[in-house]
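K.L.:
Given the sequences, and given the hints that come with them, work out the whole structure.
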Amino acid sequence: MKRRFVVEAVLAACLIAAPFLLPHLGAAPNTVNRILVWGLFGIGFDILFGYTGLLSFGQSALYGTGGFVAAYLLTRAGFPHVITALVIGMVAAAVVGYLVGLVALRRTGIYFAMITIAIAEVFFFVEFNPLSEWTGGENGLPGVPQPRIDLGFWNHHFTSGWSLYPFLAFCFFLGIVIALRIVRSPVGAVFTAIRENPLRAAAVGHNIHAYKLTAFVIAAAYAGIAGGLLGMMQGFMPPDAFMFETSGQLIMQTAIGGRGTLIGPLVGAAVWLFLQDFLQATLHLGATWKLVLGLVFVLLVCFLRQGIVGGIRDLYGLVVRKHAAPAEQEQAATPAGTGATQPTPSSAHHHADAAYQGPILQATGLTKHYGGVHANTDINFTVQQGELRGIIGPNGAGKSTFFKMLTCEVPPTSGKIVFEGRDITGMGVTDVCQLGLTKSYQVNQLFNRLTVRENVTIATLAALRGKFRLDLLAGLAGVPGLAAQVEQTLALVNLAARRDTPVSQLAYGEKRRLEVGLALASSPTLLLLDEPLAGMSPQERGETVSLLKSIARGRTMIVIDHDMDALFELAERVTVLQEGSVLAEGTPEEIKGNAKVQEAYLGGVHGVIDP
Amino acid sequence: MLSWANFGSQLFNGLALGALLALIASGLTIIYGTLGVLNLAHGAMFMLGGYTGYAAYQATGSFLAGLAAGTLAVGVLGIVLERVIIRHFYKRPHEDQLLLTFGLAIVFVEVVRWYFSSESKTVQTPQLLSGITNLGFMFYPTYRLATVGICAVALLALFFVLYRTRLGMIVRAGIEDAEMVDSLGINVDRVFMTVFGIGAMAAGFAGFTNAPIVSLAPDVGEQILVQTFVVVVIGGVGSFPGAVLGGLIAGEIISLTSMVNPGYAYVMLFAAMTLVLMLRPHGLLGTKGRE
Chain A
1 MKRRFVVEAV LAACLIAAPF LLPHLGAAPN TVNRILVWGL FGIGFDILFG
51 YTGLLSFGQS ALYGTGGFVA AYLLTRAGFP HVITALVIGM VAAAVVGYLV
101 GLVALRRTGI YFAMITIAIA EVFFFVEFNP LSEWTGGENG LPGVPQPRID
151 LGFWNHHFTS GWSLYPFLAF CFFLGIVIAL RIVRSPVGAV FTAIRENPLR
201 AAAVGHNIHA YKLTAFVIAA AYAGIAGGLL GMMQGFMPPD AFMFETSGQL
251 IMQTAIGGRG TLIGPLVGAA VWLFLQDFLQ ATLHLGATWK LVLGLVFVLL
301 VCFLRQGIVG GIRDLYGLVV RKHAAPAEQE QAATPAGTGA TQPTPSSAHH
351 HADAAYQGPI LQATGLTKHY GGVHANTDIN FTVQQGELRG IIGPNGAGKS
401 TFFKMLTCEV PPTSGKIVFE GRDITGMGVT DVCQLGLTKS YQVNQLFNRL
451 TVRENVTIAT LAALRGKFRL DLLAGLAGVP GLAAQVEQTL ALVNLAARRD
501 TPVSQLAYGE KRRLEVGLAL ASSPTLLLLD EPLAGMSPQE RGETVSLLKS
551 IARGRTMIVI DHDMDALFEL AERVTVLQEG SVLAEGTPEE IKGNAKVQEA
601 YLGGVHGVID P
Chain B
1001 MLSWANFGSQ LFNGLALGAL LALIASGLTI IYGTLGVLNL AHGAMFMLGG
1051 YTGYAAYQAT GSFLAGLAAG TLAVGVLGIV LERVIIRHFY KRPHEDQLLL
1101 TFGLAIVFVE VVRWYFSSES KTVQTPQLLS GITNLGFMFY PTYRLATVGI
1151 CAVALLALFF VLYRTRLGMI VRAGIEDAEM VDSLGINVDR VFMTVFGIGA
1201 MAAGFAGFTN APIVSLAPDV GEQILVQTFV VVVIGGVGSF PGAVLGGLIA
1251 GEIISLTSMV NPGYAYVMLF AAMTLVLMLR PHGLLGTKGR E
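Line by line, the protein sequences are chains A and B.
So for the first sequence, this note's numbering puts the first residue at 1; every next one is plus one.
So for the second sequence, this note's numbering puts the first residue at 1001; every next one is plus one.
To be clear, the hints were calculated from the coordinates, so they are not data collected in a lab.
Predicted model, so just to flag it, every value in this text is computed and none were measured.
Even glycine gets a Cβ: it sits at the ideal position worked out from N, Cα and C.
Hints are supplied without guarantee of correctness; some may be wrong.
Lysine-lysine pairs mimicking DSSO-like chemistry, simulated, CA-CA at most 30 angstroms apart [stated by the list, open to error]:
hint: 1; chain 1: B; residue 1: LYS1091; chain 2: A; residue 2: LYS290
hint: 2; chain 1: A; residue 1: LYS592; chain 2: A; residue 2: LYS549
hint: 3; chain 1: A; residue 1: LYS467; chain 2: A; residue 2: LYS511
hint: 4; chain 1: B; residue 1: LYS1121; chain 2: A; residue 2: LYS290
hint: 5; chain 1: B; residue 1: LYS1091; chain 2: A; residue 2: LYS511
Computed from the model, here is a short list of chain A residues facing chain B with C-beta under 10 angstroms [said to hold, decoys possible]:
hint: 6; residue: VAL103
hint: 7; residue: ALA113
hint: 8; residue: ALA118
hint: 9; residue: PHE128
hint: 10; residue: PRO130
hint: 11; residue: TRP134
hint: 12; residue: THR288
hint: 13; residue: VAL292
hint: 14; residue: VAL298
hint: 15; residue: VAL301
P.N.:
Printed below as a string of structure tokens:
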């Protein structure tokens, strides 16, 4: 707990020391102030890009909005209170950010990048033309005042240079403290989940669109306050705040300093502005400085992906790990969970209606056609509560499509799905997961750069907090029951000893168990497992089958697999799919003796399948 | 103010701009569709086409030599870039690809600024196409009229490559399902390089074609790139017909709005893009294949 405030304390010390040390290094106070403004602007951008994985090229629009709203209030509108005006500018930018986000976040990836560029360009033109009466057009807004603080016994007028520094440093410090709380909150955990694997983040029950919009608005608020500070610092709000170059410089500074570090943009800005001064003033490179910085940036993107701060962090991690390595090996050597005490699975939390007694799942006439391809045709399928159902079928029988329809990942062409007496046809995968129906994937869908514990935490958060909650400033420790449920799930899938290992370092079998663990962590009443045994060694299969048996206690499960021995051992009833339709259904014994099934699998050779 | 002649000439301006945007957007969209890389340096390549063509035009006095030089130089640059840098980024996340090509764009712009200075350069209209043509109902600058034809020819050539050659078939198949093409045993490596070259050539060609209309400046590609994005979003990523349709729509929106109030050209363009995003998120002629 004590270590939690280390970053804050070190940063505070650096900010206090800076005005005493930096002048000796020849740093101009105005440059230092600019770095702080860029750094603050960058904190929000880093939450959006570094943490949530959304690379926006349109931050200039929000920077300019916040700046011009504050500057307009303080100059033309004659509003007297500087700090209040800055806050109003920030709120205005956040509101605009919300609206921009509604449009831009309709798409992801490169579309998002293109749309944000286009939107930023619109803002630039709007500032110059239709709104030039308010914004001063290409002249900008001169005469922005600096803040004055009057506490009665002490008053101070922040003007420029080192006199303004404490004000900006305080704003930056406050920005970092808030941002650190955000990234350590449950919302921050979901942000990283969206960055790593948006598909899975949605599938475990998070409303990722709402969270993305949240990240966008947070970034907008930071941009807005930074824009206001820019105008105040210069005593003039420049129209080029709206230019595409502003967004570009922010992106480059963040990438140079290190994304996903919060402090990276500040470091990047320092490098950028000092290098610019150095190249221009000392080396007399004139306008060529930007070419040099461009080349530095390209090299950095190629060879140092995590930027300067990220590079230092990795180096530190390498050194620390070298020291810690022997201990870790020892820990890994003791296979955990092999003891006799099997943890009891967490009981399912969700119940649509406690009194509901009918079948847990009922699909009628379920059909999925992709153009001419008939993946599933008219499937009728009922599962009772507490049942463990197996589904088998040759490759291409439509098993995975069937699962995707049941979890509402893809909408059926026709047919109806009823879960716990409630019609879920046409709902989204997130809502269905929140109701208590989820699945593990045939191909692992994990949060690869996060640790095992973080993975399970993300899925558990969806179960405990619902699909969207804005507990931005709450710690993870404050979510009731989180730690216990995460530990329980980890123990259940036998990964407790690997809890702090990044997923990318897990063995295949361990990843497979984590895949089941993610589905399990949302404590579903109905769990669908798509080939949980795929690709496992015989020994791993044995272990996983006993794992599945223990999971099955207290919940309903449907399992697809090719391993018939395992499935016949596990399942109480088995459904056989062939060419998109139900071929047969019955107990394992009935299926083994079914002539149609034998024909499907053995091509007409009649005989008993010998397990 | 709103005379028919004015309206007519703006309609033609829109067509000329639209044809140009269609050409640039086609290059961008086939590169993205096939390689999965959004090339943010595409605008800079457009600019480079203008400058290299300008240098060759100055040296030889032949407009055609300038056009050829601009097209080929950028094509070669595209191939070299793909081989040396970009192919190492196929497996990296989209964000890294964007950062890389964004950085490359800055390097290109700054190299040109360093070599040619920031001062704008004027490219003379070739003798044959200078002057004004009487269209019967109005007079219109001959060269602008010619750009419609020049771009149309280039688009037809691109159409031929995409729809009538083996390479084109692979490219279109790759846009539909890159993984499948890969597993069919086609040498995607070679295809990727060629596609990047062709896409770059389209940008270079457009860059020099456009040079006599607006004077050359190092940042001429930036605005074009933004317009190209809108075109691609409207038309649908990876769709060649979508790029052409989107280009024409965007060109007309910009021209016709400029006639009423130039300040609102981008606002209208953006409004059109938003409308398309709301009604058809994958673009007018786009498919769900690529995201």
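K.L.:
Does VAL292 (chain A) meet its interface restraint, that is, does its C-beta lie within less than 10 angstroms of any C-beta in chain B?
P.N.:
Constraint on VAL292 (chain A) satisfied, holds at 8 angstroms.
K.L.:
Measuring from the C-beta of THR288 (chain A) to each C-beta in chain B, is the shortest one below 10 angstroms?
P.N.:
5 angstroms, holds
K.L.:
Assess, step by step, whether the Cα of LYS1091 (chain B) is no farther than 30 angstroms from the Cα of LYS511 (chain A), and give holds or violated.
P.N.:
21 angstroms, holds
K.L.:
Should the hint that PRO130 (chain A) touches chain B count as held when the rule is a Cβ pair under 10 angstroms?
P.N.:
5 angstroms, holds
K.L.:
Interface hint check: ALA118 (chain A), Cβ to nearest Cβ on chain B, cutoff 10 angstroms. Holds or violated?
P.N.:
5 angstroms, holds
K.L.:
Between LYS592 (chain A) and LYS549 (chain A), is the straight-line Cα distance small enough, at 30 angstroms or below?
P.N.:
21 angstroms, holds
K.L.:
Any CB of chain B closer than 10 angstroms to the CB of VAL103 (chain A)?
P.N.:
5 angstroms, holds
K.L.:
Given the hinted pair LYS1091 (chain B) and LYS290 (chain A), is their alpha-carbon gap at most 30 angstroms?
P.N.:
Answer holds: LYS1091 (chain B) to LYS290 (chain A) is near 29 angstroms, not above 30 angstroms.
K.L.:
Was the hint right that ALA113 (chain A) lines chain B, CB cutoff 10 angstroms?
P.N.:
Nearest chain B Cβ about 6 angstroms off; hint holds.
K.L.:
For the pair supplied as a hint, LYS467 (chain A) and LYS511 (chain A), confirm whether the alpha-carbon distance does not exceed 30 angstroms.
P.N.:
Cα-Cα ~25 angstroms, so holds.
K.L.:
Starting from LYS1121 (chain B), check that the Cα of LYS290 (chain A) is at most 30 angstroms away, please.
P.N.:
21 angstroms, holds
K.L.:
Min Cβ distance, VAL301 (chain A) to chain B: is it shorter than 10 angstroms?
P.N.:
5 angstroms, holds
In terms of the numbered hints stated before, the structure departs from hint 11 and from no other.
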